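Visitor: Hey, can you work out the whole structure from these sequences and the hints?
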Amino acid sequence: MNSTEVVPPARSVPRRLVAVLLAVLCSGYAVGAAVGWGSCELALVMGDFGLAGAALAAALSCLGHGLLIGGRTRPAWLLFGLSSAMVAFGNGAWGWYEVVLGRTPPQDSPADYAFLLFAPLAILGLLVLAQRPRNPAGWLCLLLDGWLVAGSLFTLSWSLALGRVAAGDGDDPLKLALGLGYPVLDILLVSLVVGLNFRGRDGNRAAVHTAMIGLALTVVCDALFTTPQFHSDYHSGELLDAGWFAGSVLLAWAPWSHGRHPLRPHPHRQHPSAQGLPRRRVASTFSALTPYAAAAVCTAGILYNALGGRSIDRVILAAASTVALALILRQGIMLIDNLSLAQELATKEAHFRSLVQGSSDVIMIAGPSGALSYVSPAALRVYNRDPEELVGGNLLNLVHPEDVDRVLAEVRRILARTRGARFSNGEPSARVECRIRSGEGEWLHVESTVNPYRDGLILNSRDITERVRLQAQLQHNAFHDPLTDLPNRALFAQRVRAALAAQGPAGTTVAVLFLDLDGFKAVNDTAGHQVGDQLLVQAARRLQSAVRGEDTVARFGGDEFAVLVRGRLGHPQVRDLAERIRGALSDPYWIAGAELGVAASIGIAFGPDTPLPAPEPGPGEPERAPDGPSGTAADELLRNADLAMYQAKSRGKGRVVLYTPAMRAELDRRGELEERLRAAVREGSFTLLHQPVVDLSGGRLTGVEAQARWRSAQGMLLTPAEFLRTAETGDAATRFARWLLTEAVAAAARRRADGPAAPPVPVTVRLAAERICAPGMYETLAGVLRDTGLPPGLLVLEVARTGPDALADELGRRLAALRRLGVSTALAGFGAGGGSLGVLARLPFDALKLDRSLVQDLAESPLTRALAGHALRLGRDLGLVTGADGVDHPRQAAVLQELGCRRGQGLAFDRPLDELRLRRALLRRGYPVPGTDRAAAAHRALLGSGPRTGGLAEAAAARPGPQHTPRDLAQRHPVGGPGSGSHGETAVPPA
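Take the sequence shown: its letters are residues 0 to 990, numbered as in numbering that gives the first Met the number 0.
No wet-lab data here; the hints were simulated from the structure. In this text, all values refer to a predicted model and were calculated from it rather than measured experimentally. It is possible that some hints are incorrect.
Ranges between beta-carbon positions, derived for each pair [stated by the list, open to error]: (1) 466 - 347: 25 to 35 Å; (2) 489 - 403: 26 to 36 Å; (3) 527 - 559: 19 to 29 Å; (4) 461 - 518: 50 to 60 Å; (5) 466 - 730: 43 to 53 Å; (6) 809 - 527: 14 to 24 Å.
C-beta atoms are modelled at their ideal positions from N, C-alpha and C, and glycine is treated no differently.
Guide: Right under this line is the structure:
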């Protein structure tokens, strides 16, 4: 609780009750003393032992408080307790004589000495509480003030009574010392009380004030007791005892009157400057008037003697002279102090004036009505307005009209707080931001620190226009694309959520269009990223011109854009808008004098309140009934549009596709299959089979191809077509490829280690180009060859799918590295899909294998036979070992023999075998090949009688145009194993 807080009512009520009870007690004592207590005996008891009991209570209270608390005030309370104990002892001794012994106390009784010790102990306690001066001048002022008060009181007291007491007791020194000791000590005590009333410490101000009031009341009663009028007629139990009783009661109550637990540390006091009040260095008003009041009292004592016809003795003359001298010295010191303070004040005023005038902030002082009474010179530099012209005007006239109400509300709140409560710790009361008109008419953003100042306000203002602009720019950059200045993904998602939450009229449609520029990567690769950025900027402008004014166009990054459509539009209108966007983005772009072209794939997803159209059937898919609406969340709407866009790209690009729930189901299904694939690889649910590769010329087993099979829960081996398609993409695909490669190499190494009983043959592993180029795949292959000890020549790596053109360079580097390692490479699936002829010229292959789709109709279709013959001849001209996949019928094997195909694999020879059956097939060393003799005769008829060493020379003589030379062809590794020729291939004329 700080110094501005009040005591809670729950704690103040008991203290108030105690104070009331003590007041009633003192009043009762005073009434009893006034009526004489009813009897002389009771008056003696109450006048002696009653005062002793009150003094004893004060002694115990002060001693107990002093023992409980710590700090600098402990000795003072202990001294007050001892002084009260002296009073209690003196009253008790006085009562012993009067009540018990029944006689008047003697002049030098123990009571007189005890009463005499009360004042010195109290004086020491007050000195402990006194605020000690910090310099010699302060000590001199304290001594002078003390002597002014003490000397004046002594002069007045000597004139009234002390002079006569000293004259009457001049024969008895002890009696004279006792007679003068009381008043002199009381005068000193009163002098300290007067000074300390305004010099005491602030820690327990209420307790100190209460104690000083109690001591002052006791001193007044002592002074009255020493006068001849009271001293000669005094007897115990009179009304004068009520003053002593009240003084002791106040002193007993003083330690507990501050309302704070004695063991609890005092809270932090607040500096007066926090309340808006200056801290005073000189004495208070009363302290400043104390010397003059003391001089007046001294003058009154002299006038009393002079007007009464009494002679002024030397004591009064000496005391009055010293008081006058002390007053003169005190005035001189105060004059010097005032001059020093004035000089210091002038220095500080100049210092603060220079700070205000040199400050970069504008300092203004406004009254309660808003009128400006001061404006610092910085206004000319900040606002470009003359400060003198602003003085006298109203502050609100400078504020922007839209900010006036807010500024008024803040100012009224500050003024209300100023009137109702004080501010703590000197902190600024408020910060207000508003716009103020400059001299050029421009509105400046200004931040003002507002503090209460007298009845008005003081404002410390600074120009924050640049900061506001920077914050606005940063906020704009946070929600906009830096290249196209379109909204980014975060702002677009906010607007989608707002559009879905808004209550529109019936028939309101919310649709999201996701766009991707097809062919943009090729532009980046060929023309450069700078040209690509210019194309994106032009595409963004075309998008903005193609949509409606209320639609939102955003860029998500790269070549992805999105459009938010909201309004009373049906499905056909949104589809037409998408087609218009696609057409606008597909027009040629002219950049740096060159024509560039891209296309756009667009996916559309409708909000939950929009009826979805019937799903478009995919290639080869039957018509489906429309499903229910999609989810309601904005994130789900964005995901649906993104999914529809990828469907558009997968269906051939450059088209518009509407989202259907079937797309989400397909994606979930693929995700589930991929997860199951991870689990199958992790748990060992796949097993490895091998299909023999047979030499079509003689039936010799020249190799095996490793194939994976799914092991069901019942132990059946199933062909995992769906799993194998899933294994073509994703992280699970890379894990599956590593498992297949590792298991195939390890199995081949085990067969080779078994010796001649199972002669080693090359093992073929078929992987997609993406898996071969996956990070760490080359290291995995090299590591498994090193760990198993299998010679690299017994491993053939088939590329099942060459992948996109962008992957061709990386694939070529990976295949070249594998061939340097000693691993043979082959192209599988030749004749199916696009791009197969181009990769033969760019990629280093040792073998070529026809796709099973080209082999299936080989026996029945002359066209297929002609295509297969040309493909095989191309492979022979390039020096590749030719083969065919999917040879399931004898007739297909016979035709392949006639066309010059070297090797084949399929059900016409054997199905995929487990390890035991594979070893038996290896021991047989061959398979019967249908039509071997007829094929050989056909070969001889076609080749003629001339010796042929290979098909490369014939191909060069027969085909016009550019020809491959041996320097153009990559180095080839034999794949056929032992007994093969240079390439393991027999020259066959074209089909």
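Visitor: Does each hint fit the structure? Answer for all of them.
Guide: Each hint, compared with the structure:
Taken as a hint, the range 25 to 35 Å holds for the pair residue 466 and residue 347, whose Cβ atoms sit roughly 33 Å apart. For residue 489 paired with residue 403, a C-beta distance near 34 Å keeps the hint of 26 to 36 Å intact. For the pair residue 527 and residue 559, the supplied restraint of 19 to 29 Å holds, since their beta-carbon distance comes to about 20 Å. Look at residue 461 against residue 518: about 54 Å separates their beta carbons, and that is inside 50 to 60 Å.
Between residue 466 and residue 730 the beta carbons are some 47 Å apart, a value that agrees with the proposed interval 43 to 53 Å. Distance hint for residue 809 and residue 527: a CB-CB separation of about 21 Å, consistent with the stated range 14 to 24 Å.
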